[in-house]
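Asks: Now for the letters of each chain:
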Amino acid sequence: MAREGGIDLSVDLAGIRMKNPVMTASGTFGYGREYAELVDLTALGAIVVKGTSLEPWDGNPPPRTVETASGMLNSVGLENPGVEHFLRADLPWLRSFGTPVIVNVVGRTVEEYAEVARRLDGAPGVSGLEANVSCPNVKEGGLAFGADPRAVEAVVRAMKRVTSLPIIVKLTPNVTDVTLTARAAEAAGADAVSLVNTLVGMAIDVEGCRPVLARGVGGLSGPAIKPVALAMVYRVASAVTVPVVGMGGIWTGTDAVEFLMAGAMAVAVGTATLVDPKRPLAVVAEVAEFMAAHGYSRVPELVGRANPGFAASERWGIGPPTFGQGETPGRPTAVKRRTTGR
Amino acid sequence: MSGCGGERASPGTPLGQRPPLLTRAIVLDHRSLEPDGVRAGARDCRLVLEAPGVAREGRPGQFVHVACPPGRVPDGLPGRPFLRRPFSLHDTDPRRGTVTLLFRVKGTGTAALAALEPGDGLELLGPLGRGFPPPQECGRAVLVGGGLGLAPLLLLAKELVGRLRRGELSGVELLAGLTGRDDLGLLEPFLEQASAGLGLTVATEDGTPGTVRGLVTDLLPAVLGTSAGSVAVYACGPAPMLAAVARMARRAGVAEAWLSVEARMACGVGACRGCAVPAPTGSRPAWRLVCREGPVFPLDALDWEALAKDG
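These protein sequences, in sequence, are chains R and A. All you need for my numbering is the position in the first sequence, starting with 1, plus 156. All you need for my numbering is the position in the second sequence, starting with 1, plus 312.
Please keep in mind that the hints were generated in silico from the structure rather than gathered at the bench. Since this is a predicted model, take the numbers as computed values, not measurements. Where is the CB? At the ideal position from N, CA and C, for every residue including glycine. Not one of these hints is a red herring.
Only some residues are given here: those of chain R computed to face chain A with a beta carbon under 10 Å:
| id | residue |
| --- | --- |
| 1 | Gly183 |
| 2 | Phe185 |
| 3 | Tyr187 |
| 4 | Arg189 |
| 5 | Asp214 |
| 6 | Asn216 |
| 7 | Thr221 |
| 8 | Ser226 |
| 9 | Met228 |
| 10 | Gly233 |
| 11 | Pro237 |
| 12 | Thr427 |
| 13 | Thr429 |
| 14 | Val431 |
Calculated Cβ distances over 12 Å to all of chain R for the following chain A residues:
| id | residue |
| --- | --- |
| 15 | Leu345 |
| 16 | Leu428 |
| 17 | Cys450 |
I would like the entire structure built from these sequences, with the hints used as guidance.
Replies: This is the structure in structure tokens:
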């Protein structure tokens, strides 16, 4: 049990035992190797690797990234060496760290998603799959699936048929009502949902009179999108009963706590890592500090705490939050009112 | 392998073998290259940092990824600079523990750096990437630098002049290309190397007195001459210049050529795959990463013409 000063940071995400609720966001951590010299991989809650397809994908032409205010646009296009390369070259090394590995799965067709899932099923060291039906930077797969609840269902059902691994469905914010795709994922048997992927955005080079990114549009990430992401997590957390992984612009422990209080069981740090590789583990430490300072002893006590539509105590089978010494006067009462008042 | 490069790594393997450092550097000195030395509105700046780890481990051609602090930028844009900015190692002094960066103020990141004062802190990630390997043959080294592309060539020139003086090379020449007299400040740190044996020829587009009028690549064929088979070419500059150098190096049949590339970059360590540049037609993957596989690439690693067209 991962305890830091009496704080138990561990969470169980759809059967994936994580020592803390902080994972890496797919596409921002490569296959782990890129940051192994800079980040203690054993200290992460889980490692979510880059979007992985059946065959190698080349990705999009450059320019692929551009900075924006408090964020960045990317149009990488899911460049990756393919699932067989991952199984052969990266997974044996990655699993040696003992941290749960979650593979982000991409495909051009429902069949491709399923085939990648089939090949990863039973691979030693893979703890779960994240179905990426939300990348804005590819023509097929990606958004074409993620914006259509029926397509989301088809992808999830096809993957569930070929693997017993937990499936997390990564949702796009580029829809009018994110709860529709979230519910579709749940109805098809998703074990969890994660959100948000990037928001479609653009930057224009005014000297060259053309979009900066070669493909025109890209996906916006970073602190600029955090309020949008948080609102969507808040809505989805009370629309589905499967656990939610919250992400989008998380930089600090307080950001992470916001997502937890909105109803996320775990969080992912993404773009922050690209700027400051210390961020994922700093977020772990800062969440622990927050919990210690506010009298929380277990992460589920935080989950949904700011979301009246979300009843953590019923959902996770834990009793009403209990507070040890050093509790904040008045806080337990407020929580009781919220959890019992619905 | 003739062994002149000593314990050189095989082409394409990282020369900086140590893990990159996340380190807090301190600004020691900050100078504008303009003659009056006034920093406000400065175009080119030289920043001397105390960063002993980078100074010790950094190899010519490697870079540091710099978190540019927005705090001091007058009328700065909110939320920017956001991403780190890559800068090649212009100079290092392992004994004093200093690293020098050379940059032109072009955007929010460089404006933030230009506003730094001695004593300010600055977070560096590095040294990163693959640098310039020493020559394999015992012949000549020819360096080609265009504008700010001269920045990584100083550290390389120092190392190669050292080899020259030890008799490991028969000649080291730098061909420097500048727009005009406003850029002459970029040459200053090379003068010391010139007095130590570095051959220096300067081309300017405006024909500044003491220089050859034209493009730096106009000078290259004659310098490669008839003995190109024992020449190692090193280049850094705008993509069209690199493409011209690549063409000429191929035509002349040089022993080897190493070209340093610039690209938009986010992570600097290969995770985001943002800094892709075109590999030769038919290669898989179709792109190579400047941060991890570069910034210095051998002649056959990239499609230099496509790079020039995209740039």
